[in-house]
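Starting from the known structure of chain A, fit chain B onto it as the hints suggest.
Quick mapping for you: the protein sequence lines, in order, are chains A and B. The working numbering numbers the first residue of the first sequence as 1 and each following residue consecutively. The working numbering numbers the first residue of the second sequence as 1 and each following residue consecutively.
A couple of the hints might just be wrong.
[What the hints assert, rightly or not] Derived DSSO-like pairs: lysine-lysine, alpha-carbon spacing no greater than 30 Å straight-line:
1) A/Lys235 / A/Lys1009
2) B/Lys326 / A/Lys69
3) B/Lys203 / A/Lys69
4) B/Lys326 / A/Lys949
5) A/Lys738 / A/Lys997
[Claimed, not checked] Computed spacing ranges between beta-carbons, pair by pair:
6) A/Lys735 / B/Glu323: 45 to 51 Å
7) A/Val847 / B/Gly178: 20 to 26 Å
8) A/Glu952 / B/Asn229: 53 to 59 Å
9) A/Gln144 / B/Ile72: 31 to 37 Å
10) A/Glu822 / B/Met306: 58 to 64 Å
11) B/Lys123 / A/Val847: 37 to 43 Å
12) B/Asp175 / A/Val847: 19 to 25 Å
13) B/Val261 / A/Gln144: 31 to 37 Å
14) A/Pro974 / B/Ser255: 52 to 58 Å
15) A/Asn874 / B/Ser255: 54 to 60 Å
16) B/Leu129 / A/Asn874: 43 to 49 Å
17) A/Asn874 / B/Lys123: 50 to 56 Å
18) B/Gly339 / A/Arg946: 25 to 31 Å
These are calculated hints, taken from the structure and not from any lab test. Only a predicted model underlies this, so the values are computations on that prediction, with no experimental measurement involved. For each residue, glycine too, the CB sits at the ideal point set by N, CA and C.
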Amino acid sequence: MKEYWKDLEAKNGNPVQLPDESAREDNSIFSMFDDLKEEGFASRRDFLKLCGFSFTVAALASCQTKIRKAVPYAVAPLEITPGEANYYASSFMDGSDYCSVVVKSREGRPIKIEGNPASGISMGGTTARVQASVLDLYDTSRFQDPLKNGSTAGWSDVDAEIKSKLAEISESGGTIVLLTPTIYSPSTEAVIAGFQGTYPGLEWVQYDAHSQSGMLEANLISFGVKALPDYRFDKADLLVSFGADFLGNWISPVEYTKQFSSRRNPDKEMNELIQIESNLSLTGSNADRRIQIKPSEEGAVLLNIYKDVAKEVEGISVAAPASPVDISGVSKQLLKAKGKSLLISASNNKDIQLLVNEINQLLGNIGETILFDNYLRTHVGLDSEMSGLVERMKAGEVDALLVYDVNPVYHWVDPIGFAEGMKRVGMTVYLGTAPDETSELAGYICPVNHYLESWNDAEPKKNIFSLMQPVIEPIFNTRQFQDTLLNWSLAGAGLLSGDEEDVVAGFYGFLNAYWTEKLMPLQAVHMNPEPFFDHSLREGIFEPEIAAGLGGDDTSGSASVVDSGFDPASGFDPLKLDLGTGSGSGALEFALYESIAMGSGRQANNPWLHELPDPVSRICWDNYGLISPKQAGELGVSSGDIVEAGSMKMPVYVQPGQAYGTLGLALGYGREICGPVGKNIGVNAQPILRKVNDNVLYSGWKSDISKTGETHLFAQTQSHHSMEGRALVREAGLKAYKEDPAAGNEMHTHFEEHKGSLYDEREFPHHHWGMAIDLSSCTGCANCVIACQAENNIPVVGKEEVSRVHEMHWLRIDRYFSGDEEDPEVVFQPVMCQHCDNAPCENVCPVAATNSSSEGLNQMVYNRCIGTRYCNNNCPYKVRRFNWFNYTEAGAMSGNLRDKAEMTTDLRRMVLNPDVTVRSQGVIEKCSFCIQRIQSAKLSAKAENRGIKDEELQTACSQSCPANSIVFGDMNDPKSEISKLMESGRRYNLLEEVYTKPSVHYLTKIRNKNT
Amino acid sequence: MITKQSPGLKLVLFCMLGVSLVMQGYASEGGKNFSRMANSNGETCVDCHYFMESDTINWNPSAMDLASRAQIYAEDGISKYFTSPEGDVMKKAHDGYQISAGDESGIIAYLADLEGTSPSKVKHVKWRLILFAGMFVLLILLRVEKRRIRVLPKTARMLIRPLIWTVILVIALQDAVGFNRSKNYEPVQPIKFSHSIHYTDNKIDCNYCHSGVTKGKNAGIPPVSLCMNCHKHQQEGTRTGFFELRKIVQAAEDSIPIRWVRVHNLPDFTYFNHMQHVTIGGVECATCHGDVENMHTIKQVEDLSMGWCIDCHDITSVDFSNEYYKLYYPAYLDSLQTGKLDSVMVSDIMGRECAVCHY
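In isolation and in its complexed conformation, chain A is listed as follows:
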């Protein structure tokens, strides 16, 4: 059996450190009497006081039964049946992040985001950030009214003033600039065109928080298209990725994860992933082979591959410097998989992307795995345009700046320059949802709706459309961006047919008219506008089948004509490329990345995301400098030490697998102006960014590093529950699997043969619910963790509580390392309540608050629980969570509230799922297999006089899994997917040697390796 180790302390044989005595003291219930802590221990009298207090509170609370009101609708909406959920298809759009979703709404309030299986792009998957976006709707820090110079103003006043100023500037020939993220909504593009028509000379600059400018420029040279291609990871047998975290954050992660994982089934043709990177990313963790490089070495490595490929394909010999790392075999493998491989790079250096294009062209991948028929429209921002804008702003050449939904004072490479420039602009208008660094400097704030309050459409890929629909009336006095622009435009501006009625109907009417005129002709099913629009709205998507090249006469109005042919006449000379060898001086190279939870930092006020542990480091509520163990040894630092690098202080975390000589740091943290939850959490990595050849470079800048002697406390969730030395995760190479499907899982047969129990075998004759998790395809992306949190009303406990091992997630993803600590292999394992048939927790509960159902569920009855925590102690999987404090303000006793993230405010509580009990202090909770969904499926089956269909029953975690790794169903139904997986040779149970007989099954991880 392979040896797995969980962290460096364990690997080096040091005992896992328990929290010290002072921390434990702090754990005691007496910490509510803060002043008593000075004496060290609470006395017997304090205990009696506490008892007396609790009895009094209980007695007082019990005397009163609140009179509850029942308030029906005045006029009931037709589609709402109180108590029943409605589902609406919509689109998640946050900057360049796109996902087609289905929104679950209860009595008109959205409470959960699900994936939309109808979408050809996201295919029913979501990311953790998409799941968490519903909580942003109920963000208490959102703008509630239009503001003028910081004070509340009415819409009509603000509109009138801005309109007259815009008209004035426009007439006098001044410059008005509209700064937006990439707009890939065709109807919004039309609105902006109309706005430009109203104010001639208005310039529109699109800018992406995480720039893909280098690739756009390179593609314009190589392919004549200023767009990102439509990558087909599912068609590639071999993937070589230079730092592109396409399973985590790179461009369109849900789509890529769906495509990638569709090829991770060892029974079918498995793909192979070679990741060449500095930080141990999520994609790198899933790679079959991982090669560590410094960011500055990327060019040289690529050049070597180019040399080999060019020599083989075209017979040209190119002089290339010796490769700094061992990349033996990569070129050979690429050549072997010609036309079925894919080479990508996350670099924003245009020349590197040119080289990547050239290699892909030589390998024949263009038109195979890299397509341009449905090119991506989600990134069009060019850094040079933004640089130009900043220069002109600084020179005082811009008279009015309208900023929509971007935060350049935080995200732009030169935030101080942008802020200075903004101060020199005559009129600044900010259109966004919540305060940020940019809105702070704006004269007018015109608050926009959250996406769940808005109408919109999207064309994330050419000719693949989707619709966004509001599922709730705007909560505050906000107005969506398009309506605001229409208001500021001349009546009928931008309209296609100039219908006056559409002006009255606002953007909704505009959108409707746009779809009727431009998109309806692309299909032949619906001949009338209403059915066409309603059908598209119901599906959430509209994906017409259009022959390549036709392009529906260019509906976008802005993109250039598609020409997917590679242009050999671009004068490509590999030796003239500036491959960026890193500049500055120092021992370490910065390698900045976006974390899975926080991304670019746009959702910084979201407590769910802050409390989501990073898949690899397992740390939440922080960002940190990542250094390799070797480097840490040389520097004499250990995890938690604060260092100074690049003129900023940051805590370091010693990360196995981090490339030696690099310092990883997550972007998106250290927000200074943001709601109370995300304010000043972590360090702001943006000041480290530099520009090269007019493109923002995220990595490669050198810096010295020095120890400061200060230390920092991390809230890390993994070292708490050590399960070492046992075959929790089982894995094998593909070759071994082909020879024996039970490879790596040999002990399963052994345990099956030696099983035995004092108890009688339980029978589950009716249903027997079960879950199977395929560790081969699971990428560890943590979408399920947030999906579970949203579905099951799981509280947020805050950093301090997480560091005291009080985190509440019902579903955690364990991460194990194996092999060399400098270059480990990584496995992820989602663990939730295993719903054991012989559950150890049940035997020890003194009040029978947890017991088995006849359908194989381990039930947890909150109202019976008295909080002894015996069950938690006796659970071998450590999946039970205890409500140490009043996190939710539920229950009879008030006080003792620990709400670090404002989750008990009336607004935030709107996100709660009414079908799931909000747990009060002092009870244990755990995964219920989403029993509310099981019961609901059973009920509809009974109502429709039929059995349960396998596909209708999905838990929150399985529904939106972008890798389709989690399968839930009835193990008694021989036709169900779970029953088929039960037969697999890869199937095993966690800790099956203790014979708990879990209902959760794991399938061994198969790596595409020749072992």
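Okay, now just chain B, sitting in the frame of chain A:
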């Protein structure tokens, strides 16, 4: 009032209210008139427009109800209700009243004073509480008797003391079991809506208003818009005249929902689904809600305790004609068909399992 069960608080409030009513009432001339003026039957204003809720429904608007319209009266006066009463009920009641301009303004001013208060409930003597407290007093007396007086024979003392403790414990136990349960809860509703009139007299099906009952979790309380389906045409009640129905009409016009007092409450940790019981289980409304067809004010007749739920699950048989049960409970189906079993009870098919209701 904010509580259902706080006798002490209620008593204090009641006394305060009473005192203030008396003070206000007799201080103003309007108040005097309000309790003195009589119609042809010799009934004074307060005889109908009561200050105190009675145990049986009083169909007339209370004095406080009238007070809520004091503003309107101040503008329009109230003499028109005597000269040209709105509808039959008022006509009969106001017949024979004489009201002068002085009386009118006095009464209006008096009603304006009352605005914002609400009628008090009839106070019942809490015999149970007195008995409970009395037992403790008896215990003390017994002790005093034992120490100082010593007239009772020892055997009597030995008998009385356990008897007292038995009473105390029985009351304590019963109250503890019934704690937070609201059997017989019958709060005053904002509108004098009678299920009896609607269901029994006018033959409106339960489903017409509580349409959610077959569709999902909540039976639902009808929106005002649904009331208006009928009350657009029927704006005068046989018992309440125009007064109560005007509340509905007004709510519909202003689109303001009516804030009913919720009678049947389940704890938040209990999931209950009407559709499961009514559509699939075929349970009659009356099984849980009692004789609603004869209720003028809605009253909780069962204690809605878990024991009560489970007891019903134990004795209610499952309809095995449903394909779902046939599919997943073949053994039971077989036993039923071969006659081994008469019926399968709900508790045989998970009806006693925790997570059916608690999650």
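Verify the CB-CB distance for B/Asp175 and A/Val847 against the hinted window 19 to 25 Å. With a Cβ separation near 22 Å, B/Asp175 and A/Val847 satisfy 19 to 25 Å, so the hint holds.
Starting from the hint 54 to 60 Å, judge whether the C-beta atoms of A/Asn874 and B/Ser255 obey it. At roughly 56 Å between Cβ atoms, B/Ser255 and A/Asn874 fall inside 54 to 60 Å, so the hint holds.
For the pair supplied as a hint, A/Lys235 and A/Lys1009, confirm whether the alpha-carbon distance does not exceed 30 Å. holds (19 Å)
Between the beta carbons of A/Lys735 and B/Glu323, is the distance compatible with 45 to 51 Å? Holds, since A/Lys735 and B/Glu323 (Cβ atoms, about 48 Å apart) stay within the stated range.
Take a look at whether the Cβ-Cβ distance between B/Leu129 and A/Asn874 falls inside 43 to 49 Å. holds (46 Å)
Starting from B/Lys326, check that the Cα of A/Lys949 is at most 30 Å away, please. Roughly 15 Å separates the two Cα atoms, so the pair holds.
Given the hint that A/Lys738 pairs with A/Lys997, does the C-alpha gap stay at or below 30 Å? It holds: about 28 Å lies between the C-alpha atoms, which stays within 30 Å.
Hint says 31 to 37 Å; check whether the CB-CB distance for A/Gln144 and B/Ile72 agrees. Holds, since A/Gln144 and B/Ile72 (Cβ atoms, about 36 Å apart) stay within the stated range.
Distance restraint evaluation - A/Glu952, B/Asn229, Cβ atoms, bounds 53 to 59 Å: Given about 36 Å between the Cβ atoms, the range is violated.
Pairwise beta carbon distance, B/Lys123 to A/Val847, judged against the given window 37 to 43 Å: At 40 Å between Cβs, range holds.
Check whether the Cα positions of B/Lys203 and A/Lys69 lie no farther apart than 30 Å. holds (27 Å)
Holds or violated: the 58 to 64 Å window for the beta-carbon distance between A/Glu822 and B/Met306? holds (59 Å)
Hints 2 and 8, counting from the list given before, are not met by this structure.
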